[in-house]
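Number of protein chains: 2
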Amino acid sequence: MLLRKVSVLACSHLRVISPKWSLLNQRPSHSLPPLTAGAYNVKRGDFAQITDNDLTHFQSIIGKDHVITDHNDLEMYNMDWMRSVRGQSKLLLKPKTTNEVSQIVKHCNERKLAVCPQGGNTGLVGGSVPVFDEIVLSTQRMNNIILIDPVSGVLVCQAGCILEAANNQLSKHSLMAPLDLGAKGSCHLGGNISTNAGGLRLLRYGSLRGSVLGVEAVLPSGEILDCLSELRKDNTGYDLKQLLIGSEGTLGIVTALAIQCVQKPLSTNLAFLGVESFSNVLSLLRGARRDLGEILSAVEFMDQDCMRLVTTHLDCSNPISSHPFYMLIETSGSNTGHDEEKLSAFLDKIMSSGLAVDGTLATDVGKLQSIWALRERIAEATLREGYNYKYDVSLPTEHMYTMVEESRKRLQDVCLSVFGYGHVGDGNLHLNMTSEKFDPKVLSMIEPFVYEWVSKYKGSVSAEHGMGFKKRQYMGFTKSKSAITLMHRIKELLDPNGIFNPYKTLPDP
Amino acid sequence: MLLRKVSVLACSHLRVISPKWSLLNQRPSHSLPPLTAGAYNVKRGDFAQITDNDLTHFQSIIGKDHVITDHNDLEMYNMDWMRSVRGQSKLLLKPKTTNEVSQIVKHCNERKLAVCPQGGNTGLVGGSVPVFDEIVLSTQRMNNIILIDPVSGVLVCQAGCILEAANNQLSKHSLMAPLDLGAKGSCHLGGNISTNAGGLRLLRYGSLRGSVLGVEAVLPSGEILDCLSELRKDNTGYDLKQLLIGSEGTLGIVTALAIQCVQKPLSTNLAFLGVESFSNVLSLLRGARRDLGEILSAVEFMDQDCMRLVTTHLDCSNPISSHPFYMLIETSGSNTGHDEEKLSAFLDKIMSSGLAVDGTLATDVGKLQSIWALRERIAEATLREGYNYKYDVSLPTEHMYTMVEESRKRLQDVCLSVFGYGHVGDGNLHLNMTSEKFDPKVLSMIEPFVYEWVSKYKGSVSAEHGMGFKKRQYMGFTKSKSAITLMHRIKELLDPNGIFNPYKTLPDP
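Chains A and B, in that order, are what the protein sequence lines are.
Residues in the first sequence are numbered consecutively from 252, following this note's numbering.
Residues in the second sequence are numbered consecutively from 252, following this note's numbering.
These are calculated hints, taken from the structure and not from any lab test.
Built from N, CA and C at the ideal position, the CB exists for glycine as well.
Heads up, a few of these hints could be off.
[What the hints assert, rightly or not] Restricting the straight-line Cα-Cα distance to at most 25 Å, the calculated cross-link-like pairs of lysine to any residue (SDA-like) are:
{"id": "1", "chain 1": "A", "residue 1": "K600", "chain 2": "B", "residue 2": "K707"}
{"id": "2", "chain 1": "B", "residue 1": "K707", "chain 2": "A", "residue 2": "K732"}
{"id": "3", "chain 1": "A", "residue 1": "K732", "chain 2": "B", "residue 2": "I475"}
[Stated by the list, open to error] Computed footprint of chain B on chain A; a stretch qualifies when at least three of its residues, placed anywhere within it, have a C-beta under 8 Å from a C-beta of chain B:
{"id": "4", "segment": "316-324"}
{"id": "5", "segment": "702-715"}
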């Protein structure tokens, strides 16, 4: 019962702290970011232009009301919430059914019209925003929950279901989705799958590649690929749905999905710790894995710059004394007494050993919420400081913070701040820099430095955000030439006209 | 400490109870099963024949000792351990390195020589056994452990590492592989990946699609596909390793892998229960999920016919009174006291409610071992009764046992026994029939009946065993036409000459 309250409060709270489009709307229109095509010097693909005949055809499929050409209405679909990319689409289509998507795509393929599929548009790499005049195909109206099976714990729904809305329904059956992320109030499950979203609880519930059971998608030919299995185990041939997971709409548009949900925990505890060094952060991570075992549900870290940002720019306060690092260690389980006993023993041990030098434990709704806000609102606070250079990398944990330190050393004279936070339990660092405004000279000092650093330690240049538009050219820092070549061949096989989400995911050949 | 003992004993025990080749060797050679090609009326593909020049070339790559042409030496590679399929390969190659595999395959592709990749040859659907004269490429000598990272819990090894051998090394770091299956003493990790093996602990640790972090493979062209990432999170492009997982060597030969291992539990408990009905089995499954939550590590069931088989044909005894159904509910956790308390409360509840009518709890080595043997030795006992018709299906749990009952009704006059057991927690039923010897009339009463039944309830005709040779023609009962077509296109893209494991996985177009 306690947790249900937490969850509801946390969600409404998150809606407030992720202003996205409300933030955008407050700004005068002359502050629009430059067009992506110009800013990045992109050449338009050899696609057709939309004609009146096309519009009439689309109207015949989904009705006039859902074929949108008004410039103002299109603005929020042509831009990401961070205002970092801007496209020039002149047409937004809002189908309701898979069959409608199929008919639309079939026409686009015949006509060589490019399509940009869009879910909640909460991505961080420009994957869901058009670059030129691609038709935006939004899954907004495809938001039906098809099935919640309380016995198997399987949720089947359309791609446009919002994660939080799905969770509200799931909680009636004591279930929850196996992923959680800050954007839960806006992101679509179809988009989560297309991005292979990670988030805060991957450490506990694993990647979507394991928990997504089935996917239905429309291929670039317009054909419906039906892999919407609800089975936990199905070893009949190649697992085609994996091609859709994480391919950012470049191989198919996810229209429906089946996902294995998990039992909603009956007990949740959150420890917030002050830590003197990153090596102690890692010792605490190892200790938490060992001592908290199966009840561990999140291990996050943030440095003192993050704390400065959220306490300076937002209405947040640090509940403990100041330290170079802070950690959030969360447990979730089925037995309150057992969980508290395990966590208490762990906290006693780490406080007496000095691995953590200060800390507070949250078990009640309000405190849980305010502590998670310190971590989840960093991205928002960053935007208040100035222009944000954003990196999302995987690294062996022992090198994670060295990268922040070396970046800081290199950039201290040209950046307002250089800081790191993220999912330390998964080796996933969010490295950020801010400067007063965008400065190409600063950027040239950051890139390719950051990517080369990641490559040197065999990390990934995108841990969970994907390649989208902004990162695609850097794939070679993580992936082998043989792998990239094969990706291009698969794209060519499925989308010979290249109409699905062009300028995204794959680097130029 | 206790668990380590259990594990070692269980492993050596399993070596004894899975006789495989020792069993085969006891039989006179005239009892060899018929050749697959003839028995199933298969037409040989348009492949080249091996010449002396080919042999010389292979010897130059891997040395004379590892190019095997002796008929007797080849026998065990030409047959599965159940003696259900038999091929006619005249050449066995045992490379040691990825580079050697690459050179061999490059030559085979140029010469259009067919290749049958083989790991531990423990499969159940004839996936690793040649049908005609395919060259057997064994990963037996590719058994190096490359890395065990005690911090991240990642194991990197060559494809030919035996699961149990890897586990022995992992346990030194308090880690274990995230999968466990009866064949652990023989199966290769590369084979596990190529089959997408499920097993006894999938319920707890999820599918290999989530836990395999990286794969290195040799493609049919001979090119090495390097996707051997060790990162928990990496969203840089299409996840190509998923094409290798579960594709049974038809798209690439897995040569090395990285897998996320899990903390070895400090406490293991196993309840063995007598249950009066399958509906009570399902109630117990739901109750176990709810009350045991995060410590639940296996939920298996077997019916009374299974118990009859293991107690009649093997040196096993039923530790409780006779019942229509039996369940094994295992917990694994980090705190012995907490785990026992949770399990005791659960057992008190289900015994007093009558959901379970009898039961025994194992916490010590010997008892754990003897109870798991009742479940794990069913397959062995079945072979002692006669010919075994073997099905491995996924079904919604509520229909799982109805399928056994309807099969029994249909086949009671022609079969010695019809019985069911399996991973009820994953909706995975092992349906089996026995008759004195193979009888095509019996088979025609079983198939397509079984597949039609599965299809009617939207199940899978292969939950964890794969399609291999024996099940491939039935894929259409589970997969859509659009999916099968796309699989063929992917096969054609990667292996235009069709040299990798022909006659396997995909149905005839």
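We went through each hint and held it up to the structure:
| no. | hint | result |
| --- | --- | --- |
| 1 | A:K600 with B:K707 | violated, 56 Å |
| 2 | B:K707 with A:K732 | violated, 45 Å |
| 3 | A:K732 with B:I475 | holds, 10 Å |
| 4 | 316-324 | violated (count 0) |
| 5 | 702-715 | holds (count 7) |
Checked against the numbered hints above, the structure violates hints 1, 2, 4; every other hint is satisfied.
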